[in-house]
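Starting from two chains that each stand alone, build the complex the way the hints lay out.
Protein sequences appear in the order of chains A and B.
Each residue of the first sequence is one higher than the one before, starting from 29 at the first, in my numbering.
Each residue of the second sequence is one higher than the one before, starting from 359 at the first, in my numbering.
Think of the hints as simulated: they come from the structure by calculation, not from any bench.
We put the CB at the ideal spot given by N, CA and C, even for glycine.
Careful, some of the hints might be misleading.
[Claimed, not checked] Label-pair distances were calculated between CB atoms; the ranges are:
1. A/Leu112 - B/Ser437: 54 to 64 Å
2. B/Gln440 - A/Asp413: 27 to 37 Å
3. A/Asp225 - B/Leu368: 38 to 48 Å
4. A/Arg125 - B/Gln417: 31 to 41 Å
5. A/Thr209 - B/Asp373: 45 to 55 Å
6. A/Val479 - B/Gly454: 18 to 28 Å
7. B/Gln417 - A/Pro214: 17 to 27 Å
8. B/Asp373 - A/His471: 23 to 33 Å
9. A/Arg106 - B/Asp451: 44 to 54 Å
10. A/Gly478 - B/Gln440: 49 to 59 Å
11. B/Ser393 - A/Thr209: 46 to 56 Å
12. A/Glu87 - B/Gly454: 26 to 36 Å
13. B/Ser437 - A/Pro214: 44 to 54 Å
[Unchecked claim] Below, computed lysine to aspartate or glutamate pairings styled on EDC-like, alpha-carbon distance capped at 20 Å:
14. A/Lys91 - A/Asp413
15. B/Lys377 - A/Asp460
16. A/Lys234 - A/Glu255
17. A/Lys226 - A/Asp216
18. A/Lys472 - A/Glu461
19. A/Lys472 - B/Glu369
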Amino acid sequence: MITFNEERGDTMSATMTGIREATEPGYTPTITATTPALERDSAIDWRVVKADFPIFDNEVGGKPLTYLDSTATSQKPRVVIDTLHEFYSHHNANIHRGLYALSEEATAMYEQARAKVARFIHARSPREVIFTRNATEAINLVAHSWGRTNIGPGDTILITEMEHHADIVPWQMLAQEKGATLAYIPLDPATGTLQMDKLDELLTEKVKFVGVVHVSNALGTLNPVEEIIRRAHEVGAVVLLDGAQSVPHMPVDVQALGCDFLAFSGHKMCAPTGSGVLWGRRELLAAMPPFLGGGDMIRRVTMQSSTYAEPPARFEAGTPAIAEAIGLGVACDYLSAIGMANVRAHEVAISQYALDRFAEVPGLRIFGPHDVAHRGSTFSFALADVPPHDMASILDSEGIAIRAGHHCCHPTMFALDVAGTSRASFYIYNLDEDVDRLVAGLHKAAQIFGV
Amino acid sequence: MDDLYRANILEHFRDPHHKGMLEHPDASYEDISTSCGDRIRMDFVISDAHIADVRFDGQGCAISQAAASMLTDMLPGLSLDQALALNKQAILDELGITVGPSRQKCATLGLNAMKRALVGSQWADDEEEDF
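Chain B on its own, in the form it takes in the complex (with noise of 0.2 Å):
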């Protein structure tokens, strides 16, 4: 379980990266999570179909900052289909941690954010649902 709070995570946390918000984003989508009111918006600059700048913005537990933080740090220069098709396993991957069923949705909220700021879309396709 101390696992759970790497080293990695909380330096994420405490420090996160690309926090703040654009000006002018060509795309961007705020994510509430339902069960935990945990809160992440994320904000893009796209260029050629390709992500030029990102920003996230956000308040809740340490795992779903420092997924978002994380999950920054891998976007810019990366293809719009690219980043679509990063899924919650790339997340989990990244935070290097095993997650519960209850905190699955913690690590993925910046995900969805993102997915929804990109596809414009409150249900896209390739969403992650918990059932």
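Looking at chain A on its own, in the form it has when it is part of the complex (with noise of 0.2 Å):
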């Protein structure tokens, strides 16, 4: 049973089977988000990870899932799922301000989970930390609040062609009420990766703003944030990271990446929905005004005018999803017990395995970098003419689930000049023989379409 324990701090942790040597003391990760492994971690029995996760009890018409649609969300491991059964029945209480044990104790978990996803991306200080309900509102949250106030007429909001309209909207929103230009790094269609010999002429004084996607989750490409980061602070711009794909997949390092604003969900990595978070760095975060107005983020409220609680809780107005935070630290704690370069490891080599026998179907066009160095484990393809829709109703039929359509991304389809994709992503608990079934469905759905 997991219980919680304010002295050791850590006991309502992530308990797992699928770890041997991997966490014991001394063990060192050899490999990095940008140096794949050429061999996974044998440390670790990804089908015993699998066996955490209580969804793949289930079965799809008579069928055992197969699911490949984790870039949309994640499924949830046990310990996860249990927290949140264990909150309601023994620590459930308003968090803040309460005079009695129960809030203190549910206090406690929220400001430890948020101290356990300081951790988990490096962040100097939990203060750096504001849950969210999604990467989303994280984005909205700095272009509603850093975004109005340092963004004027004449400025440049530099983005990609690449983003998830999560990036896209909140943007044009904001140049269109300040009057400022809303540029893009345009998308190499050919290659779907950014063209980054554009960056001189696109990154002027001008730039206030750059936002990017670190993997983008329509094509899997692993973006060159460092260099695009560096660049950006040379002409002063203030750097936007979308880890929603980044941030479950691989070692995410606020501080050795030396961005300013990091935006991910945590429902994509193993936690409930209802649960993200923005990080900032403390400079900027302190400067800036409050998102939502209510209850929990004023120091003093008088008729007329208020006076603002210090971040995190100035922006974090109103009752929060007391619940899904705790389950995302605890998220956390079961990820940084498998190791995160340990869950890169993994995706890096059943991506590789995935390139090889997607290489056997005919017709198959798989569109983003094909080297997987260069890209996460999401990968969008389309099959001769079949149309995404029929290839995801078919694979259904298999017990597989995909997605398929424009991936909240209608600039990068435009720029691919297609309707739409199938996408297929894979997560840490999906094995090789995930692969196998998806390329079965794929000859059948050509069987199906004559292809």
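Next comes the structure, spelled out in structure tokens:
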């Protein structure tokens, strides 16, 4: 049973059985996000990891569930599911200001989760971690608070043609409100990578903000964000990383990256829905006005005006998703127990296996980079002229869950000159046999459509 | 499931009927599915409150395009009232398959475009809504 113990501070943490030597003292990960392992870490039995996820006890129409849609949301390990039950059964109270034991306990658990998230992304302080509902809300927070204060007429907001709508629409709204210019680093449709040679002309002194997706949810592309951050800082721009598809899948160190904001979603990294994070450099957060007004974010309220709490409370108006945030903390424990370098190594290996097997399918086009060193484990594909939604339905009949359509990336789809793609993505609970089932499903679709 | 892709559906998808656009339509509407981006435009020549000619144009999955093609086979000669009386079940009967909830919008995309074109309103009274 999971119990909370403030003194030890780590007892409400993940327990999992799939780990052996990897978590023993002295274990040093030998791989990073940009240096893929050639071989899988033999210390981890990924089949045991998969067994931590109760969803796979279910069948779909008598067939095993092959879940290839973790880019949309991940499945949840038992330890996270149990955390919600445990919290509501034994610790539930509203946090902050409660002058009774249960509220103090819930508050401590909530704030401990914040510290876990801070450690997970190597933040300098938990005070740099703001809980949001998801990455979308985190980006909107930056646009409303930092953006409306710091962006003015004639300024340029620079994003990329590869962004998710969550990192496009808030900036369009801000640019329209402020009379600012919204510019894009273009996407090379042939390679599915950003046209970095355009940075020189795009990164002018007018650029005040750069928003860039770390790993594309539509193409799987792992972007050279270190270079973009460095060069954006050279012109004095503030950089937000959309880490929705990187933080769950690889080691992400905000201090090493040097970005100014990082937005990501908890529910894509084994945590409950309704949990997300905005990390911001404390100097920036301290100078930013509130996002939403209400309880918890104030210092003092008079009839006509208010003074505001310090970050992070300033940006967390109203009762937050308490159990979900605590669940996110446990998800961080769970992933840390596996080791994020090991997660990345597993995904690199399964991605390489997938690319090898995809090469056997006639008429199959894989969008985005084919080199596993420059991509995540999300694969957008087209099989001849089989429409993506029909592909998804055919695969569904085999118990295979993929996503089809525009993936909330209309500009990316315009650049690729397609209406949509089919998308399969892999995570810690996927095994080579999931790739085999997908490839068999692709052959079935080819047969039905006479490809 | 193989039934979802019966031969008649794939035939209509590969070789759609009444595909194209009319030069001077009396009524026209293009509907785009917000969930999947599939697109169907329906053009009509209307004579004496009857459908004299019809074309559809669009892009999308086999279900949406085949259903629209089948719909255009049903329409010529119908009165506007008869056309507007067609409902989701009529389309599903024509497709001859069982369509899950996520694909029913595909099947009725052409039907909804037709109704909006003929009623001339974004909110046709009898538009089928899934909720």
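I'd like to know which numbered hints this structure contradicts. Please list them from smallest to largest. Violated hints (numbers, rising): 4, 10, 11, 14, 15; every other hint is consistent with the structure.
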